[in-house]
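K.L.:
Read off the chains here:
2 protein chains.
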Amino acid sequence: MILEAQESVCAALEAVDGAGKFKEDAWTRPGGGGGISRVLQDGAVFEKAGVNISVVYGVMPPEAYRAAKAAADDQKPGPVPFFAAGISSVLHPKNPFAPTLHFNYRYFETDAPKDTPGAPRQWWFGGGTDLTPAYVFEEDVKHFHSHRGERRGLGGIFFDDLNDYDQEMLLSFATECANSVVPAYIPIIEKRKDTPFNESQKAWQQLRRGRYVEFNLVYDRGTTFGLKTGGRIESILVSLPLSARWEYDHKPEEGSEEWKLLDACINPKEWI
Amino acid sequence: MILEAQESVCAALEAVDGAGKFKEDAWTRPGGGGGISRVLQDGAVFEKAGVNISVVYGVMPPEAYRAAKAAADDQKPGPVPFFAAGISSVLHPKNPFAPTLHFNYRYFETDAPKDTPGAPRQWWFGGGTDLTPAYVFEEDVKHFHSHRGERRGLGGIFFDDLNDYDQEMLLSFATECANSVVPAYIPIIEKRKDTPFNESQKAWQQLRRGRYVEFNLVYDRGTTFGLKTGGRIESILVSLPLSARWEYDHKPEEGSEEWKLLDACINPKEWI
Chain G
1 MILEAQESVC AALEAVDGAG KFKEDAWTRP GGGGGISRVL QDGAVFEKAG VNISVVYGVM
61 PPEAYRAAKA AADDQKPGPV PFFAAGISSV LHPKNPFAPT LHFNYRYFET DAPKDTPGAP
121 RQWWFGGGTD LTPAYVFEED VKHFHSHRGE RRGLGGIFFD DLNDYDQEML LSFATECANS
181 VVPAYIPIIE KRKDTPFNES QKAWQQLRRG RYVEFNLVYD RGTTFGLKTG GRIESILVSL
241 PLSARWEYDH KPEEGSEEWK LLDACINPKE WI
Chain D
1 MILEAQESVC AALEAVDGAG KFKEDAWTRP GGGGGISRVL QDGAVFEKAG VNISVVYGVM
61 PPEAYRAAKA AADDQKPGPV PFFAAGISSV LHPKNPFAPT LHFNYRYFET DAPKDTPGAP
121 RQWWFGGGTD LTPAYVFEED VKHFHSHRGE RRGLGGIFFD DLNDYDQEML LSFATECANS
181 VVPAYIPIIE KRKDTPFNES QKAWQQLRRG RYVEFNLVYD RGTTFGLKTG GRIESILVSL
241 PLSARWEYDH KPEEGSEEWK LLDACINPKE WI
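As given, the protein sequences belong to chains G and D, one line each in that order.
With this note's numbering applied, the first sequence corresponds to residues 1 to 272, in that order.
With this note's numbering applied, the second sequence corresponds to residues 1 to 272, in that order.
Here chain G stands alone, though its shape is the one from the complex (with noise of 0.2 Å):
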């Protein structure tokens, strides 16, 4: 199934792309599993876009179970053997007026830590996908937005331990999302892949993508969880940019399209 749903994502972003092409990569997890990187760099429309799947399963420490977890009354204290599937993607366009993409659901399963044997077994499904764009079309927000069930941010759906239904109806649900990507993204890069755009219009892009690694690097919890767990460090730093941008201390004009952006993410708004 993540199989498919790689497949047909990458398929649709080839198609949207017209010149790009999905390279990929499989790889082996030498503490047990493995998974396939698509990677389409410096296309037409796509900047980067990367498309991962994973299988793994072996043993973690705590502070990747710290970073796996939503509930942190839930402390582990050794390593916890664990299984984990999905799939997770980030797509960055090169028109500084088509958003980012980032999207990822999974599904994890934990034993009990090997110092505390008959502790029991669980399961959960976790995942979301939001929008990061660098200029706010509030039409384009709210088809987005349309999709969803809740929101964080800019824009998403986001759900963590989730595991107080079955799990194939929660498999359904996860599978559900996972196709809602592409209905509701392609349509936003049809409509911004050819908006013309000046020098300081790419440049703000260059300075929120500084903005994107900032959050990907120190705070994402797949990204950590990853890291942790000796992932393939090129799998998982897909999601970086081609190109990013550091300016110390700045603020754009108050009242200009950068500065409504800022302030959108600063104080949520419900789009529709």
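What the hints contain is simulated information worked out from the structure, not anything from laboratory work.
Worth double-checking, as some hints may not be accurate.
No copy labels: a pair is met if it fits in one copy or bridges any two.
Said to hold, decoys possible - PhoX-like cross-link-like pairs, simulated, lysine-lysine; straight-line CA separation at most 25 Å:
| # | residue 1 | residue 2 |
| --- | --- | --- |
| 1 | K251 | K21 |
| 2 | K202 | K191 |
| 3 | K193 | K23 |
| 4 | K23 | K251 |
| 5 | K269 | K142 |
| 6 | K202 | K94 |
| 7 | K94 | K251 |
| 8 | K228 | K251 |
Once you've looked at the hints, dock chain D against the given chain G.
P.N.:
Okay, now just chain D, sitting in the frame of chain G:
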């Protein structure tokens, strides 16, 4: 003393840059203390150069304590009262043949955690200086290392948890280290700042800048400590370059100058 160190480093950098001037911001930390950030951006020689000093105190969460302290055998459970003073700097030159320099020297004090009163108060010095070139010039690395005591990676002197001499003596050791930065680095910059370079050499520097961002945001204990104690984000992230690049699975051709740098990063050498 840290004010003087900041002043003398910035003066030496402005002199070698010739065009760029440091911009200064003073800030206070809501939880206690504050600092002064000085940043030179888009100069003639430096793409971005930041020199921060700070004196902060208050109470830090356990994660911040783990970031602050090198020795892992000393896990404090609750919030820890602390005092920290230090200087830290990252200098990114424009020319791809001129190396990036990082240095940081700091003094720490912690009290017993709030829930175990009576436990002893601790203090220690830590710090280091290291060179991050995009190309290896053996003579530059040798020159730089002639100022060192111990080494890590391609270059530098690092120490931590230093508290087994009297405080005054350790303070003069740390001061001497900080004062060695300028004579160790400026001659390398003078030699390399006008070396001709082509586009592909600049692109390699951008890729290495990307790797720098990765190490800095994921692993750097100073960055982690700053972010987890609610430090001023713009000051903490002054260490990031003006721009950076990530290409998927980039591998330099074996035997090339780019490959030699990677090889030296992977297989540490005794340079002198």
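K.L.:
Each hint: holds or not?
P.N.:
Hint check results:
1. K251 / K21: between (37 Å within a copy, 20 Å between copies)
2. K202 / K191: within (18 Å within a copy, 34 Å between copies)
3. K193 / K23: Result: close within a single copy only, 22 Å intra versus 38 Å inter.
4. K23 / K251: between (38 Å within a copy, 15 Å between copies)
5. K269 / K142: within (11 Å within a copy, 57 Å between copies)
6. K202 / K94: both (9 Å within a copy, 21 Å between copies)
7. K94 / K251: both (23 Å within a copy, 24 Å between copies)
8. K228 / K251: Result: close only across copies, 23 Å inter versus 34 Å intra.
The structure fails none of the hints (numbered hints given earlier).
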